[in-house]
Structure formats: C-alpha cells, structure tokens
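K.L.:
One letter stands for each residue in the lines below.
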Amino acid sequence: MNEPPGFPSRRSFLKASAATVAFSGIAATAQAQTAEPPPPLEDYEPEYFTAEEWAFILAATARLIPSDGEGPGAIEARVPVFIDRQMVGDYGSADDWYMEGPHDAAADPLLGWQSPLPPAQVYREGIAAFDAWCESEHGGIFTELAPDAQDAALTSLQKGDVGLQPEIRDFFTILLQNTKEGYFADPMYGGNHGMQSWVYIGFPGARASFREWAGRHDTPYPLGPVSISGERA
Amino acid sequence: MAREEKKKDVVIVGLGWTGSIIGMELAQEGLEIVALERGEDRETVPDFKYPNMIDELRYGVRVKLMQPPALQTLTVRRSAAETALPYRVLGSFLPGRGVGGAGTHWNGLNWRPMPEEMGLRSYVTENWGEEIIPDDMLLGDYPVTYDELEPFFDRFERVAGISGQAGNINGRIVAGGNPFEGWRSRDYPMPPMPPTYDSTKFADAAQAMGYHPFPAPAGIASTAYVNEYGMQMGPCNFCGFCERFGCYQYSKSSPQTAILDALKRKPNFSYRTHAEVLRVELAEDGKTATGVTYYDESAQEEVFQPADIVVLASYQLNNVHLMLLSGIGQPYDPATGEGVTGKSYAYQMNGGISMFFKEDIFNPFVGHGSNGQVIDDFAINQIDFGAEGFIGGSYWRSGTFNGQPIRSMSLPAGTPSWGPDWKAAIKEWYGHAMSIGSHGSHMAYKTNHLDLDPTYRDRHGRPLMRMTFNWNPNDLRMNQFMKSKMEPLAESMTPDVMQSGFKDIGAQYDVRPYQTTHNTGGHIMSESPAEGVVNRYSQVWGQHNIFATGAGNFVQNTQYNPTGLVGGLAYWTADAIRSQYLSNPRPLV
Ligand SMILES: Cc1cc2nc3c(=O)[nH]c(=O)nc-3n(C[C@H](O)[C@H](O)[C@H](O)COP(=O)(O)OP(=O)(O)OC[C@H]3O[C@@H](n4cnc5c(N)ncnc54)[C@H](O)[C@@H]3O)c2cc1C
Numbered sequence: 001m002n003e004p005p006g007f008p009s010r011r012s013f014l015k016a017s018a019a020t021v022a023f024s025g026i027a028a029t030a031q032a033q034t035a036e037p038p039p040p041l042e043d044y045e046p047e048y049f050t051a052e053e054w055a056f057i058l059a060a061t062a063r064l065i066p067s068d069g070e071g072p073g074a075i076e077a078r079v080p081v082f083i084d085r086q087m088v089g090d091y092g093s094a095d096d097w098y099m100e101g102p103h104d105a106a107a108d109p110l111l112g113w114q115s116p117l118p119p120a121q122v123y124r125e126g127i128a129a130f131d132a133w134c135e136s137e138h139g140g141i142f143t144e145l146a147p148d149a150q151d152a153a154l155t156s157l158q159k160g161d162v163g164l165q166p167e168i169r170d171f172f173t174i175l176l177q178n179t180k181e182g183y184f185a186d187p188m189y190g191g192n193h194g195m196q197s198w199v200y201i202g203f204p205g206a207r208a209s210f211r212e213w214a215g216r217h218d219t220p221y222p223l224g225p226v227s228i229s230g231e232r233a
Numbered sequence: 001m002a003r004e005e006k007k008k009d010v011v012i013v014g015l016g017w018t019g020s021i022i023g024m025e026l027a028q029e030g031l032e033i034v035a036l037e038r039g040e041d042r043e044t045v046p047d048f049k050y051p052n053m054i055d056e057l058r059y060g061v062r063v064k065l066m067q068p069p070a071l072q073t074l075t076v077r078r079s080a081a082e083t084a085l086p087y088r089v090l091g092s093f094l095p096g097r098g099v100g101g102a103g104t105h106w107n108g109l110n111w112r113p114m115p116e117e118m119g120l121r122s123y124v125t126e127n128w129g130e131e132i133i134p135d136d137m138l139l140g141d142y143p144v145t146y147d148e149l150e151p152f153f154d155r156f157e158r159v160a161g162i163s164g165q166a167g168n169i170n171g172r173i174v175a176g177g178n179p180f181e182g183w184r185s186r187d188y189p190m191p192p193m194p195p196t197y198d199s200t201k202f203a204d205a206a207q208a209m210g211y212h213p214f215p216a217p218a219g220i221a222s223t224a225y226v227n228e229y230g231m232q233m234g235p236c237n238f239c240g241f242c243e244r245f246g247c248y249q250y251s252k253s254s255p256q257t258a259i260l261d262a263l264k265r266k267p268n269f270s271y272r273t274h275a276e277v278l279r280v281e282l283a284e285d286g287k288t289a290t291g292v293t294y295y296d297e298s299a300q301e302e303v304f305q306p307a308d309i310v311v312l313a314s315y316q317l318n319n320v321h322l323m324l325l326s327g328i329g330q331p332y333d334p335a336t337g338e339g340v341t342g343k344s345y346a347y348q349m350n351g352g353i354s355m356f357f358k359e360d361i362f363n364p365f366v367g368h369g370s371n372g373q374v375i376d377d378f379a380i381n382q383i384d385f386g387a388e389g390f391i392g393g394s395y396w397r398s399g400t401f402n403g404q405p406i407r408s409m410s411l412p413a414g415t416p417s418w419g420p421d422w423k424a425a426i427k428e429w430y431g432h433a434m435s436i437g438s439h440g441s442h443m444a445y446k447t448n449h450l451d452l453d454p455t456y457r458d459r460h461g462r463p464l465m466r467m468t469f470n471w472n473p474n475d476l477r478m479n480q481f482m483k484s485k486m487e488p489l490a491e492s493m494t495p496d497v498m499q500s501g502f503k504d505i506g507a508q509y510d511v512r513p514y515q516t517t518h519n520t521g522g523h524i525m526s527e528s529p530a531e532g533v534v535n536r537y538s539q540v541w542g543q544h545n546i547f548a549t550g551a552g553n554f555v556q557n558t559q560y561n562p563t564g565l566v567g568g569l570a571y572w573t574a575d576a577i578r579s580q581y582l583s584n585p586r587p588l589v
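Top line first, the protein sequences correspond to chains F and C.
With the working numbering, you'll find the first sequence wraps up at 233, consecutive numbering, no jumps.
With the working numbering, you'll find the second sequence wraps up at 589, consecutive numbering, no jumps.
For the record, the hints were derived by calculation from the structure and aren't laboratory data.
Each hint should be verified, as a subset may be incorrect.
Beyond 10 angstroms from chain F on every Cβ pair, some chain C residues (computed) [claimed, not checked]: (1) I54; (2) E228; (3) F241; (4) T336; (5) F385; (6) M409; (7) L476; (8) Q508.
The list that follows gives simulated cross-link-like pairs (lysine-lysine, DSSO-like), each with its CA atoms no further than 30 angstroms apart [unchecked claim]: (9) C:K266 to C:K6; (10) F:K159 to C:K503; (11) C:K427 to F:K159.
Idealized CB from N, CA, C, for every residue including glycine.
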C-alpha cells in the first residue's frame with residue numbers, strides 16, 4: 001500500500017489508537033471496574049470485513065466519535081467490533097426487509113430504502129467507492145489521509161458530494177447510525193465496551209427500576225449502569 | 001387442495017387487542033371460537049422477561065416485535081402521479097405481529113374521543129356552516145354517538161386497567177382532571193401515576209398561562225389491580241421501556257395482562273399461531289362468508305377454516321388488505337368517489353418543541369410510555385375553526401418516556417452529527433432536555449386512500465396493498481397553529497435553548513422517521529353501504545356475518561391516540577353480536 005509522505009500509515013494509526021485505548025482504559029477504570037483491559041482491536045479477526053475494509057472501519061469510526069476529550073471514542077468503545085458483528089447478523093443481510101424488485105434506487109429519499117443491496121453490501125461497495133474518491137480528491141485512500149483530510153472527506157460523503165451510485169447513497173447514513181448504535185447498545189453486541197458510553201452520559205442501562213425516582217425532581221441519579229449480562233460500572 | 005379444518009362458530013383473524021376482546025366476549029356465550037394469528041405466541045414469561053427485554057438495540061431499533069416487511073408490507077406514493085414503492089424498512093409506522101399484536105408494545109396512552117369528534121361534520125356545519133369544509137375533505141359523522149359508546153369506553157378502561165383522573169363525571173367538572181373531556185360515568189379504575197420533573201415544570205407553566213393541566217390517562221398500572229376477568233396487574237416501576245417493548249412486570253395494559261391468560265383457559269376457545277389468513281371466502285351468492293383460508297407456516301400449506309362468523313381483527317392496514325383481496329366492498333376510486341374499500345385512510349399530525357436547560361436534571365430514563373401532564377386547551381372543542389381556517393385540534397403532553405440513548409438523544413439544532421462537538425454535546429445535554437408534544441387530529445380526504453398495487457407482490461404471490469398518502473393543507477395549518485401557541489408557553493419556561501419541530505406548509509410525507517402507528521380508516525363505519533364498508537356495529541354491509549374491528553372503522557382520525565376508541569368500539573361490536581346477532585343472524589341495520 002503506497003503511503004504518501006507526511007500521512008500517517010495504517011500501522012501508525014493502529015498503534016495510535018491502541019495507545020489511546022490503553023490511556024483511556026485508566027480513566028475508565030476509575031469509574032468502570034472493567035476486569036481486564038480490552039484486547040486490542042488489531043488482534044480482532046473480523047467476521048465480515050476484509051483487512052482493508054476493517055482498517056477503514058477503524059479509521060472512519062475513530063473520526064465519527066474521536067478518542068480525544070472526555071469520554072470514550074468509538075475505538076475505546078469497540079464500535080468497529082459491533083459493526084462487524086452486525087454485518088454477519090440479520091441486519092447486515094436485511095433479513096427482515098422487503099427486498100423484492102423492481103428497485104428504483106434513485107427514488108426520492110423520503111420514500112425510504114430502495115436499494116437492492118442489503119447493508120453489508122452497501123458497506124462493501126461504499127468503502128470501495130469512497131476510497132476511490134479519496135484517492136482522486138485527496139491523494140490517498142481514506143486510511144492514508146491525515147485526520148483533517150479524513151474529516152473533510154467524511155463531510156463530503158455526508159453531504160452527498162462524493163457522487164456515489166444511488167444503490168449505495170445511504171452508505172454514510174448507515175455508517176453513522178451503526179457507529180452510534182455500537183457506542184450506546186448493550187455491550188453484549190460487541191460495542192459500548194465496559195459500558196463506558198453509558199457511564200459517560202449517565203444512562204443506567206438495564207437497571208430498570210425507578211419508581212421512587214418519579215418524585216425526586218431535579219436530583220442526579222447516583223447509580224452506575226448494569227448490562228443485560230450483569231456487568232456493573 | 002387446501003386442507004379443511006373442522007367448522008367453528010367464530011373465526012377471529014388476528015389476536016391483538018380487538019381479537020382478544022371479541023374472543024373473550026363471544027367465548028362467554030359458549031361459542032366454539034378459533035383465533036388465527038400469523039405471528040408467534042407471546043407471554044410475559046418468558047418472552048418479555050427481565051433483563052432480556054431491556055434491550056434498546058434489539059427491540060427499540062431493530063424493532064424485533066414488529067411485522068418484518070419481508071413477510072408483509074405495502075407500497076407508498078404521495079400522489080396518483082407517482083409510482084408507489086415498497087415500504088421496505090419499517091419507519092413511519094410499526095404494525096404489530098404475534099399474539100397480543102401492537103397492544104404488546106404500545107405506549108398505553110388511553111384516550112376516549114371527544115363527543116364533538118364523533119359527530120364532527122355536524123359540529124362543524126352547525127357552528128360555522130358547510131362552507132368551511134375544504135372540497136377535498138371527506139368529513140363525516142360517526143354513525144354512533146359518544147353517549148351510546150360511553151359504557152363501552154368505560155368497560156375497556158376497566159378491563160385494560162387505566163390510571164388517570166376524571167375531569168367530568170356525569171357532567172360534573174372534577175378538579176384536577178380534563179375539564180374539556182366528554183362525560184364519563186365514573187372515575188378511572190386506578191389513580192394517576194406520579195408526575196416526573198419535566199411534566200411538573202410544564203404543568204406549572206401551563207397553569208400560569210391559564211391553561212388546565214391534568215395527568216395523561218395511562219394504560220400503566222399505578223397500583224395493584226385485578227380486572228373483571230380476574231387478570232392481575234402490578235404497579236409500574238418507571239423502567240422507561242414501554243414503546244416497542246413487552247412489559248416484563250405485568251404493569252402495562254396489554255392483551256397479555258388484561259385478557260389472554262383468562263381467555264386461553266376457556267375450553268371453547270383455541271388459537272393457532274403462524275397462521276396467516278390469506279383471504280376471506282365468500283358463499284356463491286356473495287352475501288355471506290363461509291370462512292377463511294390461511295397459510296399454515298409449520299405445515300407449509302393452505303388451510304380452509306369454515307365458520308359461521310368471521311371477525312377481521314388484524315389491524316387497520318391488514319383488514320383493508322384482506323378486504324381488497326377478498327372482494328369485500330367495492331374498492332374506492334378517488335377519481336369518481338365511488339366504492340368504499342380503502343376510502344378515508346387517515347393518519348396523525350404531530351409536532352413539538354424541545355427545550356434544553358443546562359442546570360436542570362431530568363433523568364430521562366425514569367419514565368413510562370404514557371407519562372406526563374397534558375393540556376386540552378387547544379382541543380377540537382376549544383378552537384374557532386371558522387376564525388382559524390382549519391378543522392382539527394391537538395392535545396399537548398410533556399413527560400419522559402424513555403432515556404434510551406440510541407433513539408432518544410435530543411441535541412440542540414446546529415450540533416454537528418459526529419466528531420468532537422457531537423461527543424461533547426451528548427455529555428452536556430443528555431438528561432438536560434425535555435419536550436412538549438402536540439398530538440393532533442388528521443382528517444380524511446378524497447386523495448388519501450388504499451388499493452392494490454399493480455407491481456409488487458408478497459411471498460404468497462398476492463398484490464401488496466398500495467397507500468396513496470400525503471399531508472393536506474388543512475392539517476398542516478392546524479399544526480402551524482399549535483406551533484404559534486406552544487412557542488410562547490415554551491419561552492415562558494426560559495430554557496437555555498429551544499427548538500420547534502412542526503411540519504411546515506407544503507411538507508411531504510416522509511416514510512423514514514417514526515411518527516405513529518395510528519393508521520385509520522379504509523373500512524369506515526357509515527350510515528349507508530354507499531359511504532363505507534361497515535355499518536354502525538362494524539358489521540360489513542355486503543356480508544352480514546363478517547365484522548371488522550380496529551381503527552379501520554374510523555371515519556376520520558381523532559386528535560388522540562386511537563386505542564381507547566378502538567377498544568370501546570370492539571366492546572360495542574361484541575355487545576351487538578351477543579345481544580342482537582346471535583339470536584337472529586342478519587344485517588343489523
Ligand atoms: C409503537 C407503538 C406505540 C403505540 N402507542 C399507542 C398509544 O400510546 N396509545 C394508543 O392508543 N395506541 C397506540 N398504538 C396503537 C395501538 O397499538 C393499536 O391501536 C392497537 O394495538 C390496535 O389493535 P388491533 O386489535 O386493531 O390490532 P393489533 O393489536 O395490531 O393486532 C392485530 C393482530 O393481527 C395479526 N394479523 C395481521 N394480519 C393477519 C393475518 N393476515 N392473519 C392472521 N393474523 C394477522 C397481527 O399479527 C396482530 O397480532 C401504538 C402502536 C405502536 C406500534
């Protein structure tokens with residue numbers, strides 16, 4: 001893979017994100033009693049994505065929810081793992097959706113999903129098309145770009161300026177949506193690692209028992225979250 | 001060749017709210033009844049058990065309790081000039097599936113219509129004259145009055161187990177309730193739920209402006225409760241997982257908590273799941289139904305179920321689809337105005353304001369689907385339609401109902417949707433936002449209707465139903481009126497940031513964001529067979545042994561959530577079958 005001078009390589013990106021994981025792991029343990037440090041995402045074997053696609057997912061979600069500042073980023077929350085698992089589940093293959101033709105993928109967006117492609121396929125074709133655009137507009141595929149250029153490229157993608165085929169025009173929408181899902185969903189789906197995202201905003205997860213709190217007005221809720229499988233943070 | 005089952009007295013299509021009500025009431029007559037439900041069986045334990053149910057992704061986002069479009073859907077277009085395209089992914093509305101139907105995962109907001117709404121055409125013409133009714137509006141009176149239905153609204157509220165505060169008992173206005181509601185013969189079976197902070201804040205501001213706040217009537221148990229069928233409910237713990245979820249602790253009104261366990265014990269009642277009814281079979285002369293044909297998912301074959309009475313209780317959209325496929329009623333033609341099946345499809349017109357308070361702590365996860373305080377000061381019977389230039393009204397409500405962060409992360413407009421500023425904003429604002437919603441009426445029009453799609457087919461090879469629907473100026477004007485009244489109230493609360501979300505004049509229907517599952521009309525009640533599919537008892541005009549329940553009966557939608565009227569009408573229909581039809585099967589009108 002050619003790496004233009006001055007741009008961080010994929011390897012250095014992965015190293016950087018692994019470092020952030022370790023760093024924020026300390027911050028997180030103060031609140032969340034995560035037993036073990038998270039296995040590095042580098043060691044994760046994607047079930048759906050190819051190595052190149054996986055590198056894209058790591059890089060893109062790291063821009064959508066960055067690691068800097070307070071709270072976990074997509075990488076610490078292990079959002080990429082969530083997205084990968086969703087791709088091999090019924091969401092990725094659109095099992096619940098009506099996918100019969102004929103398709104009019106270019107229809108008015110208000111009429112909803114009209115692509116013949118299920119989400120997993122939209123990711124596959126979307127990443128390839130977007131990388132090709134990044135190459136011609138920014139001089140390198142997405143993972144090779146500097147963070148500012150990555151943000152600019154994602155902004156173009158969101159605005160519809162990348163000229164994607166109608167079949168994959170919802171690529172950014174589902175990427176962003178799935179990123180937020182992975183950030184906030186119960187940890188059993190692979191994201192929201194250690195419930196850090198819930199701790200960060202103050203959502204108590206599956207506690208689900210607040211009767212006396214209806215009458216406690218304008219008072220902060222003191223307990224940290226629990227997950228469906230019984231983790232506490 | 002379809003397998004043929006043993007004949008029953010009654011076959012019920014769909015086992016949601018109305019199918020359960022009809023099943024229970026007719027089972028009390030000793031009739032042999034079978035209910036056919038296309039989805040799976042669902043019981044509080046184990047299907048809704050804690051903590052598995054507290055899963056936003058699975059149920060809130062991937063909507064796993066709903067009808068998968070792969071199995072059944074429809075097509076949508078905004079006007080006859082467009083080609084309708086399939087509703088491929090659930091968004092705008094979420095039809096239910098499985099035993100309990102949408103009554104399993106509803107919010108529990110339980111309203112009666114206003115008396116004026118039941119006779120809306122008369123109310124409008126008597127007060128302002130025919131001229132104010134837009135040419136394309138199919139404004140009608142229900143062929144049954146509020147006074148006639150009152151005992152049946154009461155019955156449904158007692159069976160379902162509703163918590164609330166009466167405002168008008170037999171004409172006497174009761175402090176703390178809704179002073180604008182129709183009379184009720186007695187109070188709700190349970191006292192109201194305690195209010196959360198946001199709703200108290202809203203109620204105080206509304207009171208200060210001279211409005212009349214009261215607690216929202218909730219299909220959510222505030223105390224321990226046992227209904228007439230011996231079904232027990234336990235008090236709600238404000239877990240914040242109502243809409244789209246089954247209730248794991250017997251607190252939310254549903255067919256499961258109110259009817260089904262008692263019904264399943266009746267020896268003369270049986271039900272079959274994974275049994276999708278494909279069509280109603282008519283006798284040779286077309287004047288009665290002989291039964292229904294369904295697809296038995298396990299045996300992978302079609303089955304004919306003969307019965308003396310057929311009850312279509314499969315939800316508004318599915319009822320209309322089955323009628324169109326079975327030749328029940330003449331399909332409606334918007335060009336000529338002739339025909340009735342699919343006519344007067346209507347929806348709901350909502351808007352609202354979000355408010356952000358840096359210093360206030362709302363704990364949005366403390367809530368339930370029907371939480372909050374309400375005002376009805378802009379209700380249908382409170383607005384001068386002639387002066388304002390629209391027909392309609394809405395109720396306003398404020399109350400936390402879920403703090404689930406994927407679905408309910410309210411951020412000030414202008415916040416980037418990703419990146420560092422988004423990340424900072426979710427921390428800054430989660431728990432510091434509240435909202436007021438306007439839940440408004442929606443009228444029926446000549447253009448909005450349902451028929452069969454010429455192109456797309458379902459997995460059985462049947463044409464999908466086609467929805468032609470767009471917003472009409474009258475209802476958008478109503479919504480803009482609400483905006484103009486709500487903004488000063490919201491401003492009086494001095495939020496740090498506030499933003500309105502009302503549809504603008506000219507707004508097009510968007511199938512993507514969830515709006516409501518308050519789809520109405522399509523087999524409306526009517527005074528004559530030329531106007532609608534069913535008569536005042538929800539009995540099909542052309543085939544007297546077919547009855548149809550649900551919001552398909554609505555002449556136009558009310559300003560409220562539909563189920564109080566849906567449930568009341570189901571009891572009214574059950575009563576007509578029990579007291580008039582069984583002894584002498586015939587057209588009741
Ligand atoms: C998310 C959500 C929130 C809601 N919140 C509220 C609220 O707060 N207040 C309110 O008043 N209303 C609310 N509603 C609406 C309320 O759920 C409905 O008004 C009510 O459930 C309608 O009852 P029903 O008996 O007509 O249909 P349903 O309860 O939908 O039952 C119909 C049943 O028929 C079955 N069926 C359909 N087709 C077939 C077929 N061909 N063969 C066999 N079976 C079939 C379905 O699987 C389903 O189980 C909400 C709905 C949803 C989806």
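K.L.:
Evaluate each hint against the coordinates.
P.N.:
Hint check:
Non-interface status of I54 (chain C) relative to chain F is broken: a Cβ of that chain comes within 10 angstroms, the nearest being about 4 angstroms off. No beta-carbon of chain F is positioned within 10 angstroms of the beta-carbon of E228 (chain C); the least distance is around 26 angstroms. Distance to chain F contradicts F241 (chain C) as a non-interface residue, since its nearest Cβ pair spans about 7 angstroms, not more than 10 angstroms. No Cβ of chain F approaches the Cβ of T336 (chain C) within 10 angstroms, the least distance being about 27 angstroms, so the stated non-interface status holds.
With a closest Cβ-Cβ approach of about 30 angstroms to chain F, F385 (chain C) is found to remain outside the 10 angstroms limit, as its non-interface label requires. Not every C-beta of chain F lies more than 10 angstroms from that of M409 (chain C), the closest at about 8 angstroms, which undercuts listing it as non-interface. With a minimum CB-CB distance of about 16 angstroms to chain F, L476 (chain C) clears the 10 angstroms threshold, and the non-interface call stands. Non-interface call for Q508 (chain C) relative to chain F: violated, since the shortest CB-CB distance, roughly 6 angstroms, does not exceed 10 angstroms.
Proposed proximity of K266 (chain C) and K6 (chain C) is supported: the alpha carbons are some 18 angstroms apart, at most 30 angstroms. With a C-alpha separation of about 23 angstroms, the suggested pair K159 (chain F) and K503 (chain C) falls inside the 30 angstroms cut-off, and the hint holds. At roughly 26 angstroms between alpha-carbon atoms, K427 (chain C) and K159 (chain F) fall within 30 angstroms of each other, so this suggested pair holds.
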